[in-house]
Amino acid sequence: MKPFDEMIKTGGQVRPPYEQLQSWLDTQNPERFAQKARDAENVFRKTGITFAVYGDEEAAERLIPFDIIPRIITGNEWRRLSQGIEQRVMALNAFLDDIYHRQEIIRAGRIPRELFTHNDAYLPEMVGFRPPGNVYTHIIGVDIVRTEENQFYVLEDNARTPSGVSYMLENRETMMQLFPELFQQIKVRPVETYPKLLRQSLAAVAPPGCKGTPTIAVLTPGIYNSAYFEHAFLADQMGVELVEGSDLKIENGKVVMRTTEGNRAIDVLYRRVDDSYLDPLTFRRDSALGVAGIMDVYRSGNITIANAPGTGIADDKALYSYMPEIIEFYTGRKAILENVPTHRCSEPDTLKYVLENLAELVVKEVHGSGGYGMLVGPAATKKEREDFALKLKANPKNYIAQPTLALSTTPIMTEKGLAPRHVDLRPFVLVSDRIRITPGGLTRVALKEGSLVVNSSQGGGTKDTWVLDD
Amino acid sequence: MLLGRTANGLYWMFRYIERAENMARLIDAGLRMALTKTSDAPEEWSSVLMSAGVKIGYSAKYKEFNASLVSDYLLRDLSNSSSVMSCIETARSNARMVRTALTREAWESVNETWMILKSTLASPIPETDLPRVLDQIKRETAIIRGAFHGTMLRNEIFNFARLGTFIERADNTARILDVKYYVLLPSISYVGTTLDNFQWESILRSVSAHRSYRWVYDVEYNPVNIADYLILNSRMPRSLNFCYSNIVDNLKFLANDYGKRHECHDMSESIMTRLENNEIRTIFDNGLHEFLSDLIYQTNGLGSKIAEAYNFD
Chain R
0 MKPFDEMIKT
10 GGQVRPPYEQ
20 LQSWLDTQNP
30 ERFAQKARDA
40 ENVFRKTGIT
50 FAVYGDEEAA
60 ERLIPFDIIP
70 RIITGNEWRR
80 LSQGIEQRVM
90 ALNAFLDDIY
100 HRQEIIRAGR
110 IPRELFTHND
120 AYLPEMVGFR
130 PPGNVYTHII
140 GVDIVRTEEN
150 QFYVLEDNAR
160 TPSGVSYMLE
170 NRETMMQLFP
180 ELFQQIKVRP
190 VETYPKLLRQ
200 SLAAVAPPGC
210 KGTPTIAVLT
220 PGIYNSAYFE
230 HAFLADQMGV
240 ELVEGSDLKI
250 ENGKVVMRTT
260 EGNRAIDVLY
270 RRVDDSYLDP
280 LTFRRDSALG
290 VAGIMDVYRS
300 GNITIANAPG
310 TGIADDKALY
320 SYMPEIIEFY
330 TGRKAILENV
340 PTHRCSEPDT
350 LKYVLENLAE
360 LVVKEVHGSG
370 GYGMLVGPAA
380 TKKEREDFAL
390 KLKANPKNYI
400 AQPTLALSTT
410 PIMTEKGLAP
420 RHVDLRPFVL
430 VSDRIRITPG
440 GLTRVALKEG
450 SLVVNSSQGG
460 GTKDTWVLDD
Chain Y
0 MLLGRTANGL
10 YWMFRYIERA
20 ENMARLIDAG
30 LRMALTKTSD
40 APEEWSSVLM
50 SAGVKIGYSA
60 KYKEFNASLV
70 SDYLLRDLSN
80 SSSVMSCIET
90 ARSNARMVRT
100 ALTREAWESV
110 NETWMILKST
120 LASPIPETDL
130 PRVLDQIKRE
140 TAIIRGAFHG
150 TMLRNEIFNF
160 ARLGTFIERA
170 DNTARILDVK
180 YYVLLPSISY
190 VGTTLDNFQW
200 ESILRSVSAH
210 RSYRWVYDVE
220 YNPVNIADYL
230 ILNSRMPRSL
240 NFCYSNIVDN
250 LKFLANDYGK
260 RHECHDMSES
270 IMTRLENNEI
280 RTIFDNGLHE
290 FLSDLIYQTN
300 GLGSKIAEAY
310 NFD
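Listed in order, the protein sequences are those of chains R and Y.
According to numbering that gives the first Met the number 0, the first sequence is numbered sequentially starting from 0.
According to numbering that gives the first Met the number 0, the second sequence is numbered sequentially starting from 0.
Do not take every clue at face value.
[Stated by the list, open to error] Result set (BS3-like, lysine-lysine): computed pairs, CA atoms no more than 25 Å apart in a straight line:
(1) Lys390/R / Lys351/R
(2) Lys259/Y / Lys248/R
(3) Lys210/R / Lys248/R
(4) Lys316/R / Lys248/R
(5) Lys381/R / Lys396/R
(6) Lys179/Y / Lys248/R
(7) Lys45/R / Lys137/Y
(8) Lys117/Y / Lys45/R
(9) Lys382/R / Lys392/R
[Stated by the list, open to error] Here are some chain Y residues the structure puts well away from chain R; computed CB gaps all over 12 Å:
(10) Glu107
(11) Met114
(12) Arg138
(13) Val223
(14) Asp293
Hints are computed from structural coordinates only; laboratory data are not their basis.
In this text, all values refer to a predicted model and were calculated from it rather than measured experimentally.
By construction, the Cβ of each residue, glycine as well, lies at the ideal position given by its N, Cα and C atoms.
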């Protein structure tokens, strides 16, 4: 079956949200347009908007390809999406609070206790502790895919450390530089306020003891991290310090950074370092990326860590399969956005079904991310499927399986003109005293014809994403 | 207020950019010397390596001294931490680390320089191409300097960057002079031979001063004037006097900004006083070599004191 194309109907007619764009495209000189695409690439390379791919020596720094055809979402579609996202984010925070406290949801028998008992992402250090403002996951990037005009699914919640927001911002910046006239013709809701809102949001969850303007810092693992560009970008745009573990230490019960004028206390730390590296005294002892003793400072209420340690449990893909129950349990209403039907391989009957239908399914590791360690059944060779089946049988608990979704397509610019490619969408959500969702988000696009894998580490690109102000 | 690590990154970023540029000049001067039939080319290349401070590393790798080996070692060899490519790599890593402290233009100029030189220096440079490549290196570093001067706020960020530039430059000028001090030692009413003239010009050329010298002094090269120019002249941008006056100024800005003086302030001012209240004749009388090696030692010490004072040691 032909996948749903967001721009062109089956008969070749342009869908209403894209009409204005199409008539603008019709006026473009193809050569000039191709030149613009090259200009865009130069801008990205010059500004150093790169990412690193782990295990890929040659391409230590690579560009994420940028496609200049915007992806368009109508105001109505966005309203529904954002309601669904808001509901989900509220449920996630309530859920995290619950499982580190009374665990009502387990007592009520809605989810099995085993999900936590042998899960490294569940941190005993967080049990009984309430983070400032009662917020666990401050920054979320919900991955959403579309299969029909009115059918959206949430693929992942990314409640731990979503990345990509810098691309959302740079993509818009680049589009406005290349095609200013387009933004005069079509009213697009702005995304540029994100850094300001992020700063406000982080300031709003400063520890209760913090007087005056809170000192905020972004903690990065350093320049060799794949998302370093984003860490620097966000620190810069927020006007806060970008710190590394080696800049920090504990002094008088506070986390301080070493500056040219002595040590300065930090109130809110937006950390882009994983839980296990955060504090060598509590977690991995060999970590040089974190701060020895920060968990004690945190638990005494003298610093806010965003996102809170222990939120990673919400990204577990086995837990994901329970999201409909989780949303209903905490919000009292059915989930507005659907989950992708998910088979838990830990259940023997399900495992049998998955093994028999590997060719139609996508199988993922429960703790995996970034498209690593997954099998896309329909795209895999027989040999790859057989090898994967062995891994699956050896450790069924480690996997979940989902039907291969016919992701929607939008056109990209190719050498032969416009051609449809599969896309997903990652809207960015900020949680503090309120929930703020930036209109749009990051559209990732699989550049290879027919490919369903949009991850940048696997050759995906990005697009500017427009929510129409209609 | 800056992170100590940011101050460190700015300081070293600019030390390495300065060093890359100085390497290009040294090779340029070496090439010129090697062209003169009167000189002993291997001897000249050996002294270029000495001025660059990498003689030991080079000798561990190569037995002979010639244009193509030496220039390759100084331009492209990543095992030589002072080679142009190593310097640019290090400068860019530091720039990446302190990105939030740089304007977009300043960052982009460093990043572009890195991209361009990475491709230029990807394969060995034929001797006939050397002049073009050396020009390109000097031009690229000039663009970085221009972007930096044209767009950066004159605050502590600027001061730490400038300190890196001038500490490196002072060290460099002093070392170039020290390696060649013996060709400058004058006998009474001594008229230089052709070789001496070439040697003198070469010293000036290695700090891009062979033309401006003539605007200030005679058309004729004269060792005392050359030493005076590179040590005491307050307007020559690579002289020790000029470097130290900038170091002192930038440290003063920091002291005003932060409301606090450190040991490095006293130290830099006392070196400055020695440069201001001195005659080139006196320096020669007391020993040029002793003066220069002491200054190299002091400059090194001052660098450490600055790092200590501003928490980036």
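Status of the hints after comparison with the structure:
The suggested pairing of Lys390/R with Lys351/R holds, with an alpha-carbon distance near 14 Å, which does not exceed 25 Å. For the given pair, Lys259/Y sits about 24 Å from Lys248/R by alpha-carbon distance, which is consistent with the 25 Å threshold. In summary, the hint linking Lys210/R to Lys248/R is supported, as the alpha carbons are separated by about 21 Å, within the 25 Å threshold. Distance hint between Lys316/R and Lys248/R is unfulfilled; the C-alpha atoms sit about 35 Å from each other, more than 25 Å.
Restraint check for Lys381/R and Lys396/R: the C-alpha separation of about 23 Å stays at or below 25 Å, so the hint holds. Using a Cα cut-off of 25 Å, the hinted pair Lys179/Y and Lys248/R is violated, with the two alpha carbons roughly 48 Å apart. Between the alpha carbons of Lys45/R and Lys137/Y the distance comes to roughly 20 Å, so the proposed pair stays at or under 25 Å and holds. Proposed proximity of Lys117/Y and Lys45/R is supported: the alpha carbons are some 14 Å apart, at most 25 Å.
Among the hinted pairs, Lys382/R with Lys392/R is consistent with the structure: their alpha-carbon atoms are about 16 Å apart, no more than 25 Å. Not every C-beta of chain R lies more than 12 Å from that of Glu107/Y, the closest at about 5 Å, which undercuts listing it as non-interface. With 12 Å as the threshold on Cβ separation, the claim that Met114/Y sits away from chain R is violated: the shortest Cβ distance comes to roughly 7 Å. The Cβ of Arg138/Y lies farther than 12 Å from every Cβ of chain R, with a closest approach of about 17 Å, so its non-interface assignment holds.
The beta carbon of Val223/Y sits about 42 Å from the closest Cβ of chain R, which is more than 12 Å, so the claim that it is off the interface holds. Every CB of chain R is more than 12 Å from the CB of Asp293/Y (nearest about 29 Å), matching its label as outside the interface.
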